[in-house]
Amino acid sequence: MLNINFSKRKVFVTLLSVAMVSSMSVSARAAQEINVFVTVSPSSDALKAMGPGFTAKTGIKVNFITVPTGDVVTKLLLACQTKSSTNDVVQFDSQHVTALASAGCLDEVGLRAAASSEYQDSRIPNQLKAYGTYNGKRLGIPLSTEPYILWYRKDLYAKLGLKVPKTWTEYASNAKKCADAGYFGSAVPYGPAAAAYRIGAMIHNYGGAFFDKTTFQPTFDSVQSKAAIKMAMDLVYTTPASVISGGGAVAVQAMQELDVCQMLNATGWYSILGDAKQSPKVYDKLALADAPHMNGSKETFLFGWLIGINQYSDQKTNAWQFLEYSLGKTNVEAFLKAGAPPTGRVLFGSSQKDLLAKVAPYTAVMDTANKNAIPLYRVPEITEIMDVVNRGLNAMATKQITFDAGIAKLNADVKAIFVKSGKLKG
Amino acid sequence: MVTNEIRTVRRYSRSSGLAVLFSLPGLLLLISVVLAPLITGFYYSLTNSSLISSAPTKFVGLANYKSEVFTAKFGEALRVSLLITFFSILTQLLAGYVIAKVLARSMKGTSFFVSVIMLPMLLTPVAIGMMWSLMLNPDIGAIKWLQSFVGLDINFLSSSGTAMGAIIFLEWWGHLPFVVLVLMAGILNLPKEIIESASIDGANWWQLNLRVIIPMLAPVIAVIVIIRSVNAFRMFDTIFVLTSGGPGNATVNLPFLAYKAAFTYFDTSRASAISVAIVAIVMPVYFIFLKMTKV
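First to last, the sequence lines map onto chains A and B.
Going left to right, the first sequence walks through residues 1 to 426 as this note's numbering numbers them.
Going left to right, the second sequence walks through residues 1 to 295 as this note's numbering numbers them.
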């Protein structure tokens, strides 16, 4: 029979050893090594393709940490709370600049960009610089730029004799003609996690806003905002049912599978809708144009991936070197050839322009949108505001509440958020 | 005699000391994965902690409970949670009992049907949500195609009633196999003599089921209700994938409300207050059932 004699001392030493080994499990990183935190996207695929060349040139090893898109901001915020230096270069959604900046997660990458002759910051349009900026500090540089533009079916437009709409009134008129002919007129998503973005752009086109930027008073009941929301709600009848409950991806799916005349959606979807394999029914029937506007206002929200440097990184110089190498002037073509969507940088030289026209034939439309772009509201409460506006608009589109009650609810919900944060009195 | 007793006591205390030592890892694991998060969550619920603030955390007392728990929004989410729990379990018990009774008879093909019925149990809730969201797609989904045969055209995700119905159905469908399995095991273990005696005494089908079999299955049913009610109350995945809480806020239940606070608003203190409230609501129910069934 096995006789184990446990002395108190032996047990104590064993437990202590286990504890010490566990505490030493955080291994030190080599000095010539950086970690690049990315999510699944064509942009990050291109970044990954740049890694070996960078290592060959500098001797700095590049490790990629890939996380699901939905986890990006949470993982970054949690790492930031613990002042973790694990991530050096970080990819993030432009709409999360405010959250990451408020938490102090990002280094001021703008200073490095401005000082770099390789990066050539002067080729980045000011609007693109603005959407990576918070409180005067530029915390992200564009990795991909994806404004909303008009997508339309050339074949249906030709069949019905429609013209490319310049204004939302013309868009609505086209939608009606499509509906009368038995097609879907529009695919602007009204889902509970999506409605505020595109309808928000429409509100700005009409000269309205979610709230007054100085007083923080909600302005959904302004004449302009109400007119934009009314126009959006008037399009529900000719929108595919799935798009009424869905988001941008569902709208893309509707464009792929159904006869939808037009939609407002981000340029980033071109990698799917312009691909013969993924969209065999429509890839050669789709055309892109400037987003409709109204009352002379062409303002639109700018979206896309930004990239920056972790505030707590101990490899900031090496991290910037990698960004400079991947996004700088020397490797513009290599980066595009690796499958990256355009960053929005102004290109020179026919070979660069030809290449861009090949991989992203919507560049001209994108450039126009960039010129009219504004960043999403830069207030820390923005994620909560977008959520309540998404849900309010969705409730209106699905007839859970009436138009007037919906407008009142949007105002009340946004006001409650500002009251809670102390910007407004209750 | 006394010396022997002392030896026994010493041996016992030595072995019980070893028992404590051996159970220490399990105890530490329990403390670290159950108690520590609960205590930490409660602590956060009393602060202004937020993932998007670099300011030092302050103690705010019960402010988060006042702003998040004692509100109409919380009440509405509680109503959604209760509706999902009540209707999914009620329908699971009814259907589960009928299916279990049928499968408990040794017939040809029983094992095949058991295998088929168990299939949803093998799927994760996210997979179930994804699969059904494709099927319920009102434009290209299989349900739309099926509806066309009977002249219907219902978009299940566009109204609060039908969206709630869809959520309850998925909860029912995904966990029905568990209910069937447990009820079938219970039915197969019932003393046959009692059932035969009742039959000989002239009990009809209803009497046999309502007055003999179901009362004997009460402990099994209680276990199902305990496990399923706690699970259904904290259901999240299906709502996240299928409706995102919509239309509007119609299918936002308590866990989804906590999720939004934590991962959409990045407000850990508000999320913690909601989570502590969920625990406070579920715990008494759990203890009442434990006491009732003496499990």
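In short, the hints are calculated from the structure, not lab data.
Wrong hints could be hidden among the right ones.
Unchecked claim - So these bits of chain A aren't anywhere near chain B, every CB distance computed over 12 Å:
hint: 1; residue: Ser116
hint: 2; residue: Thr214
hint: 3; residue: Gln253
hint: 4; residue: Gln256
hint: 5; residue: Ile272
hint: 6; residue: Asp290
hint: 7; residue: Glu299
hint: 8; residue: Asn331
hint: 9; residue: Gly349
hint: 10; residue: Thr368
hint: 11; residue: Pro375
hint: 12; residue: Asp413
hint: 13; residue: Lys420
As the list claims (entries may be wrong) - With beta-carbon atoms standing in for the labels, derived distance ranges:
hint: 14; chain 1: A; residue 1: Gly182; chain 2: B; residue 2: Leu119; range: 50 to 60 Å
hint: 15; chain 1: B; residue 1: Leu119; chain 2: A; residue 2: Thr66; range: 47 to 57 Å
hint: 16; chain 1: A; residue 1: Pro52; chain 2: B; residue 2: Ala72; range: 55 to 65 Å
hint: 17; chain 1: B; residue 1: Leu134; chain 2: A; residue 2: Thr317; range: 45 to 55 Å
hint: 18; chain 1: B; residue 1: Met283; chain 2: A; residue 2: Asp275; range: 44 to 54 Å
hint: 19; chain 1: B; residue 1: Phe149; chain 2: A; residue 2: Val419; range: 27 to 37 Å
hint: 20; chain 1: A; residue 1: Glu170; chain 2: B; residue 2: Val230; range: 49 to 59 Å
hint: 21; chain 1: A; residue 1: Lys281; chain 2: B; residue 2: Ala142; range: 39 to 49 Å
hint: 22; chain 1: A; residue 1: Pro68; chain 2: B; residue 2: Leu134; range: 13 to 23 Å
hint: 23; chain 1: A; residue 1: Asp275; chain 2: B; residue 2: Leu123; range: 28 to 38 Å
hint: 24; chain 1: B; residue 1: Leu123; chain 2: A; residue 2: Pro361; range: 35 to 45 Å
As the list claims (entries may be wrong) - One-sided excerpt, in silico: chain B residues whose CB lies under 10 Å from chain A:
hint: 25; residue: Thr47
hint: 26; residue: Thr124
hint: 27; residue: Asn155
hint: 28; residue: Pro247
Here a beta-carbon is modelled for each residue, glycine too, at the ideal position from N, C-alpha and C.
These are the hints, each one checked on the structure:
1. Ser116: Fine: 28 Å to the nearest Cβ keeps Ser116 (chain A) off the interface.
2. Thr214: 22 Å, holds
3. Gln253: About 8 Å separates Gln253 (chain A) from the closest Cβ of chain B, which leaves it inside 12 Å; violated.
4. Gln256: 10 Å, violated
5. Ile272: Holds: least Cβ distance 16 Å, greater than 12 Å.
6. Asp290: 28 Å, holds
7. Glu299: 25 Å, holds
8. Asn331: At roughly 34 Å from the nearest Cβ of chain B, Asn331 (chain A) sits farther out than 12 Å, so the non-interface label holds.
9. Gly349: 42 Å, holds
10. Thr368: 31 Å, holds
11. Pro375: 17 Å, holds
12. Asp413: 10 Å, violated
13. Lys420: Since the minimum Cβ distance to chain B is about 7 Å, Lys420 (chain A) lies within 12 Å and the statement is violated.
14. A:Gly182 / B:Leu119: 50 to 60 Å: 40 Å, violated
15. B:Leu119 / A:Thr66: 47 to 57 Å: 32 Å, violated
16. A:Pro52 / B:Ala72: 55 to 65 Å: Distance hint for Pro52 (chain A), Ala72 (chain B) holds at roughly 57 Å.
17. B:Leu134 / A:Thr317: 45 to 55 Å: Taking Cβ atoms as reference, Leu134 (chain B) and Thr317 (chain A) lie about 48 Å apart, which means the hint holds.
18. B:Met283 / A:Asp275: 44 to 54 Å: 52 Å, holds
19. B:Phe149 / A:Val419: 27 to 37 Å: 52 Å Cβ-Cβ, so the 27 to 37 Å window is violated.
20. A:Glu170 / B:Val230: 49 to 59 Å: 55 Å, holds
21. A:Lys281 / B:Ala142: 39 to 49 Å: 19 Å, violated
22. A:Pro68 / B:Leu134: 13 to 23 Å: 19 Å, holds
23. A:Asp275 / B:Leu123: 28 to 38 Å: 30 Å, holds
24. B:Leu123 / A:Pro361: 35 to 45 Å: 41 Å Cβ-Cβ, so the 35 to 45 Å window holds.
25. Thr47: Violated: closest Cβ of chain A sits about 13 Å from Thr47 (chain B), beyond 10 Å.
26. Thr124: 15 Å, violated
27. Asn155: At 5 Å from the nearest chain A Cβ, Asn155 (chain B) passes the 10 Å test, so the hint holds.
28. Pro247: Holds - the Cβ of Pro247 (chain B) comes within 10 Å of chain A, reaching about 4 Å at its closest.
Hint check: violations occur at hints 3, 4, 12, 13, 14, 15, 19, 21, 25, 26; the rest are consistent with the structure.
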